[in-house]
Amino acid sequence: MRKTLTVVLLATTLSAGGCTFADAICGSGDYPVKAVGTTTGQDCVPEGQEPPAGYVRYPEGKVPEHVGDKWDEYWSGVVVDEQGNVVPG
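Remember, the numbering used here sits 157 above the position in the sequence shown when you count from 1.
Because the hints were derived from the structure by calculation, they are not lab data. C-beta: ideal position from N, C-alpha, C; glycine also. Incorrect hints may appear among the rest.
[As the list claims (entries may be wrong)] Here are the simulated distance ranges between beta carbons: (1) 186 - 245: 32 to 42 Å; (2) 181 - 205: 11 to 21 Å; (3) 185 - 245: 27 to 37 Å.
Using the sequences plus the hints, can you model the full thing?
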């Protein structure tokens, strides 16, 4: 009983605190980049480095942070060009 109560309290505390168990797109010290010309390509680049050829930065304020979040879902259906502009796919 005591163990069950502890688990319930922990789950309640985490959900009330806004914590999430969603997987992060990139690890600490990296930022996500979008592949040019495809809906599926994505990678992570160390902060302070430019994206590799064939990848662009996401626009500020539209960067996916967790798998399945609003921006992850949006960008998974969008194709961009070399300048990061949305183009027909």
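Right, here's what the structure says about each hint:
no.	hint	in the structure
1	186 - 245: 32 to 42 Å	35 Å, holds
2	181 - 205: 11 to 21 Å	19 Å, holds
3	185 - 245: 27 to 37 Å	36 Å, holds
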